[in-house]
Amino acid sequence: GPKVLQIPSHQIIDMGQMVTLNCDPVSNHLYFYWYKQILGQQMEFLVNFYNGKVMEKSKLFKDQFSVERPDGSYFTLKIQPTALEDSAVYFCASSLTYTGQLYFGEGSKLTVL
Amino acid sequence: GEQVEQLPSILRVQEGSSASINCSYEDSASNYFPWYKQEPGENPKLIIDIRSNMERKQIQELIVLLDKKAKRFSLHITDTQPGDSAMYFCAASTQGTGSKLSFGKGAKLTVSP
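Read top to bottom, the protein sequences are chains A and B. Residue numbering for the first sequence follows our numbering, beginning at 1 and increasing consecutively. Residue numbering for the second sequence follows our numbering, beginning at 1 and increasing consecutively.
Any given hint might turn out to be false.
Sample of chain B residues facing chain A (criterion: CB under 8 Å; computed from the structure) [said to hold, decoys possible]:
#1 Phe-89
#2 Leu-101
#3 Lys-105
#4 Gly-106
It should be emphasised that the hints constitute simulated quantities derived from the structure, not laboratory data. Backbone N, C-alpha and C define an ideal beta-carbon position, used for all residues, glycine too.
All chains should be built: construct the whole structure from the sequences, respecting the hints.
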C-alpha cells in the first residue's frame, strides 16, 4: 500500500541543538501531519499542513517548532533549540484529502540528552 | 481538545477467543472513530473505522460498535490469532479523518497459541 517514509529513524542530539526530521509523504497526497508519541503514551497531534501553510496546530507545537515543505520535497519538522522534553517518537502522516485516510510513517525516534 | 479514554491497557487472550477494547470520548461533536494497529517498530496502520452515522461495522473478524448517546465505541476481534498480537489505538475526530485525531493510550493485545 501507500508508504510514508521518514528519515532518520533514530537521532540522538544534545539539548539546545537543532534537529530536522524529514518525511516523504505518499506521492499524490496533499495534507501532511506530525504527531508526537512519548514512550508508553498515546500519539498526540502536533500540526497539519496544506498548500504550503500550517492549517492547525496544538499546544504541543511550541514556538521552537516549525514545518515546511519547500518545492514539493520532504515535509520537515524542525526543532530549534531542542529541549529534554522533546524526546519522543515523531510520526509523520499524509492524506489525499482533508477527510481522506491517514497514512503514517514508521516514526523518527528523537533522543535529547 | 478531545479526550479519549481507552481500556484495558493490557489484554491477553487464547487463540480462537474474542478480544474487546473499549474507548470513550468527551466531545459529542466527534464524528469519526478509527482504530489503528501498531506492531513493534512499525507505523500505525488503520484497520477499521466508523462514522457517526453508523452503529456497527464489520470487516472480516473485526467489529466496531458505536454508542453515540453513551459516547463510547469499541473494537471486537473475533477468533483471534497470534498475528493479532499488537498495540491497538482508538481515536476520535470532530472533523472527519485527518485533522487532529485524538488517540487513546493504546491496548497491548497478546494472543497465545
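Each hint, compared with the structure:
no. : hint    : result
1   : Phe-89  : holds, 7 Å
2   : Leu-101 : holds, 6 Å
3   : Lys-105 : holds, 5 Å
4   : Gly-106 : holds, 6 Å
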